[in-house]
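If you read the protein sequences in the order shown, they are chains A and B.
Its first residue numbered 1, the first sequence is counted upward by one per residue in our numbering.
Its first residue numbered 1, the second sequence is counted upward by one per residue in our numbering.
In case anyone wonders, no lab produced these hints; they're calculated from the structure.
Where hints are given, some of them may not hold.
Said to hold, decoys possible - These stretches of chain B come out as covered by chain A in the derived footprint (C-beta under 8 Å, 3 or more residues):
no.	region
1	9–22
2	46–53
3	57–63
4	73–80
5	84–95
Unchecked claim - Calculated from the model, a selection of chain B residues having no Cβ within reach of chain A, i.e. all distances over 10 Å:
no.	residue
6	Lys2
7	Ser4
8	Ile33
9	Pro69
These figures come from a predicted structure and were not determined experimentally.
Ideal Cβ positions, reconstructed from N, Cα and C, are used throughout, including at glycine.
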Amino acid sequence: MRIDGACQCGYIKFEGEGDPDKVWVCHCADCQAGTGSAFRINLPVTGASFRMLSGEPTIFIKTTAESGTPRAQAFCPKCGSPIYSTTVGDGPKPSYTVRVGLLRQRDQLTPKRQNWFRSAQPWVTGLASLPRNEKGA
Amino acid sequence: MKISGACQCGSITVEGEVDPENVRVCHCTDCQINSGSAFRFNVPVPGNTFKMTGEPTIYIKTTAESGRPRAQAFCPKCGTPIYTTSPGEGQQASYMIRAGILAQRDQLIPKRQIWFRSAQAWVTGLDAVPKVEKQA
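With these hints in hand, go ahead and build the complete structure from the sequences.
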């Protein structure tokens, strides 16, 4: 499936191809801190199909991931929106793990798996019963 | 309740006092895009209790669904979102801290979700999505 997205300020734009069956939620502590939220939603995009259409992200190398694998995390230097993570090093990578929240097609990308559930926030499975407002409050 | 937190790289630390009754989830499209996730999870910290080390980058977002301009702070080195507040110089009345960066996040249970009209359809059904304790 073709995907495209942009950061909040519009400086960074990208596109690629991802398999909707590969969308996953990650509850690891790094993803909680990196989003400031409860989890990330990710989609792997093949390196051959991934194209940055505009802008240049800042790269942060995270070396203390729970999995032990160093990761290059890309974000917009102007608005801070997280863009993707990938393997460390120069040149094109085999895969980019794109942050689904900034994709135009996010409504069609339903997670199929949740990783690092041992550190999931206990309330994330109970949102159906949490009081809700349709707009702000 | 006292809270403290830091960005992923440690350049920015925050602390302050919160009322855990005010923790909320926000499903607005701005929060989806700027977190890269399905929603944000916020807690307000009164300005007179808020302390910070390090210097975040401020992005002024002017097209919020609510219509209000907001100053969004993030770490320039690792991109971690820190807070939003009202635009302007000096101490603000309140800082909406991103609860995911707080050491006490496991004790901060959301009491309300807002902008539910743009919530991701699957977000209330996570209990049924296959779970892996570590990663697969």
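Consistency of the hints with the structure:
A stretch counts as covered by a chain when three or more of its residues have a beta carbon under 8 Å from one of that chain; for the region 9–22 of chain B and chain A the count is 1, and the coverage is violated. With 0 residues having a beta carbon nearer than 8 Å to a beta carbon of chain A, the region 46–53 of chain B misses the requirement of three or more and the stated coverage is violated. Residue count for the region 57–63 of chain B with a Cβ under 8 Å from a Cβ of chain A: 3. That meets the three needed, and the coverage hint holds. A count of 7 residues in the region 73–80 of chain B with a Cβ less than 8 Å from any Cβ of chain A is obtained; the coverage claim is therefore met, three being the minimum.
Under the rule that three or more residues need a Cβ within less than 8 Å of chain A, the assignment of the region 84–95 of chain B is violated, with 0 such residues. In this structure lysine 2 of chain B is separated from chain A by more than 10 Å, as the shortest Cβ-Cβ distance comes to about 19 Å. Every CB of chain A lies more than 10 Å from the CB of serine 4 of chain B, the least distance being 13 Å, so the non-interface label holds. At the 10 Å boundary, the C-beta of isoleucine 33 of chain B falls inside the reach of chain A, the nearest C-beta of that chain being 5 Å off.
With a cut of 10 Å on Cβ distances, proline 69 of chain B stays outside the contact zone with chain A, its closest approach being about 13 Å.
Of the hints listed earlier, those the structure fails to meet are numbers 1, 2, 5 and 8, in rising order.
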